[in-house]
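A.B. asks: Sequence:
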Amino acid sequence: MKKILLSLCLAASFYANEIEENIQTLQTSSLTLDYLKTLPKNIKRDFFINEYLKKNNISNDQAYEALNLIYNINNELFYNFASKFGHDETFAVAQCMNMKNSDLVDSYADCIVNGLSLKKASLLSSFDLNIIIQKTKDKYPAFTKKIKVISSAIPFTRLIVQDKSNFYDIFLNVDSSFREKYFNYKLPKRTFEKIYKNKKKFEEFLKLVLSNNKLTNLNKNLNGLDDKELGYKSSFYLAINAIRFKDFNKAYNYLENAKKKSSNKKFIDKVDFLEYLITKDESILKLLSSSENFNFYSYYANELLGNKISKDFKIDSLNEFKTILKSSNSKTIALLYAIAKSQSNLELDKVSKDLKVGIMQLKPVWIKDLSKEYNFNSFFNMEDSLTYAKAYLERLNIETNNNLLSILFKYNKEVKNLDQITALSAIKKDDLLTSYIKLFPLLEGNENYLLWYTLAYNKLDKKSKERLELNTIWENL
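Take the sequence shown: its letters are residues 1 to 477, numbered as in the UniProt record's numbering.
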C-alpha cells in the first residue's frame with residue numbers, strides 16, 4: 001500500500017494535464033461508492049470523488065477505496081483523501097504539499113521535497129534556500145542541485161550549464177518575477193543548441209519567453225530564429241516578437257509561415273488581422289470581414305471598415321440571463337454573459353481541470369461561502385450560478401465600469417495579470433499595432449470575452465443611440 005500512496009503523492013505534485021469535461025448534476029446524498037463505481041474513470045468521476053471525500057461520515061476503508069477509483073489525482077483530491085484516511089504518514093505528506101513557504105523552511109527533508117515547488121523556492125531568500133540545501137542535500141541531491149541554481153549569486157550562469165532536462169524544469173517553473181530578474185540574458189550558442197534538441201519543450205520555452213514583454217534581452221536574442229522546424233504557434237509568437245523590434249518584414253514572413261502550417265480558421269483570422277496591422281492593406285481587412293468564422297478578429301475587421309453590424313442576430317440564452325438578472329443593469333448582465341460564454345460556452349454542467357464548476361465556472365468553495373443554503377445541485381443550476389456570480393462580483397468590489405480585462409482577472413484571481421494591467425494603464429497607446437503588441441500577453445485567450453460583452457451589451461441596450469464598439473473597449477484597456 002505504501003508504494004501506491006507514494007506514487008499518488010508524486011502524481012499529485014505533477015498534476016496538470018486533465019482535460020475539461022462536462023458532468024451531470026447529482027444530489028450530495030446520492031454520492032456513494034456504489035454510484036461512483038458506475039461512472040467511467042475520467043475527470044467527471046474525479047469531481048464526484050472529491051465531493052464524496054468531503055462528506056463527514058467517510059470511513060478509512062471507504063476513503064481508500066475511493067482513492068483507487070481516481071483517474072488523475074491533484075493536490076485537492078489527495079488532501080481530502082488523506083484527511084479521511086486516518087494514516088499519519090499520508091496526512092503528513094498532504095499537509096506538506098499545502099504548507100506555507102515559511103513553515104517548509106523549518107520542516108524536514110521529506111516534507112520540503114513534497115511541498116516546495118520551484119516556483120515557491122524562487123520566492124524565498126538566499127538565506128532560507130541555503131537552509132533548505134543543507135537539509136536536503138544528502139537524501140535528495142537531484143532536488144538540491146536545482147535549488148542551488150536558484151540560490152546562486154548569478155542564477156543564469158548556473159542555469160546554462162545544466163542538462164536540457166534541468167534547464168527546462170527550472171526555467172519554465174520558477175516564478176515569472178524571478179525569471180524576469182535573473183534569466184533575462186542572451187543564451188550562449190552551446191546552450192541554445194542543447195535545449196533546441198527537445199522541440200516540444202523548446203516551443204513551450206518560446207511561448208513563455210515571447211509572450212513576456214519584460215524579457216527584452218531574451219526576446220532580442222530570439223528575433224530572426226529559423227522557424228522551419230517549429231509549429232504554427234511558434235511562428236506566430238516569433239512574428240509578435242519581430243514586431244516589437246520593428247522588424248516588419250521578418251514578422252510578415254513568420255505570419256505567412258504560420259498560416260501555411262495551420263488549417264485552423266480562427267487562428268488564420270488572427271494572423272490576417274496582424275498582417276493588416278503591419279501592412280495597413282485594406283484588402284486583407286475586407287477578406288477578414290467576410291470570414292466564415294465569426295470571431296473577435298472578423299468582427300473587429302467589420303468595425304474598422306465601417307460596415308453596418310446588425311443588433312438583431314440571435315445570442316444564445318441572453319434572454320434567460322436578462323430574466324434571471326432582471327434587477328441588474330445592461331452592463332452587469334452583459335458582463336456575466338461574457339464570462340459564461342467565454343469560460344463555459346454556456347454549459348451548465350461543465351467542470352474544468354482546476355475544478356471550477358457550472359455555467360459561471362466558480363470554485364465550489366466560493367459558492368459555499370456565498371450561500372447558507374448551499375447544496376450540491378446549485379453548482380449546475382443557471383439561476384443559482386448567476387446569483388452566486390453576481391454576489392461574488394459585488395463582494396470583490398468589482399465595478400462594471402472598470403477595465404474589462406481587469407474584471408475578468410479579478411474574477412479568476414489572476415493577480416499577476418492584474419499587476420500587468422495596472423502597469424500598462426500608465427502607457428500612452430500610440431496606434432492599434434503598438435497597443436496590440438503591448439496587450440497581447442493579456443489579450444490572448446480572452447478575445448471572445450471582449451467580443452461577447454460587446455454583442456450582449458448592444459443587444460440589451462437597443463435604445464442607446466451609440467453602439468458599443470470593440471474599438472471603444474480597446475482604447476480603455
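There may be inaccurate statements among the hints.
Computed list of lysine-lysine pairs in BS3-like fashion (alpha-carbon distance at most 27 Å, straight line) [claimed, not checked]:
(1) K322 with K250
(2) K207 with K139
(3) K459 with K438
(4) K214 with K250
(5) K199 with K390
(6) K139 with K186
(7) K186 with K197
(8) K214 with K54
(9) K181 with K228
(10) K54 with K207
I should point out that these hints are in silico values taken from the structure, not numbers from a laboratory.
Since we're looking at a predicted model, the values are computed, not measured.
A.B. asks: So, for every hint listed, does it hold in this structure?
C.D. replies: Hint check:
no.: 1; hint: K322 with K250; in the structure: 48 Å, violated
no.: 2; hint: K207 with K139; in the structure: 35 Å, violated
no.: 3; hint: K459 with K438; in the structure: 30 Å, violated
no.: 4; hint: K214 with K250; in the structure: 21 Å, holds
no.: 5; hint: K199 with K390; in the structure: 44 Å, violated
no.: 6; hint: K139 with K186; in the structure: 35 Å, violated
no.: 7; hint: K186 with K197; in the structure: 18 Å, holds
no.: 8; hint: K214 with K54; in the structure: 42 Å, violated
no.: 9; hint: K181 with K228; in the structure: 31 Å, violated
no.: 10; hint: K54 with K207; in the structure: 38 Å, violated
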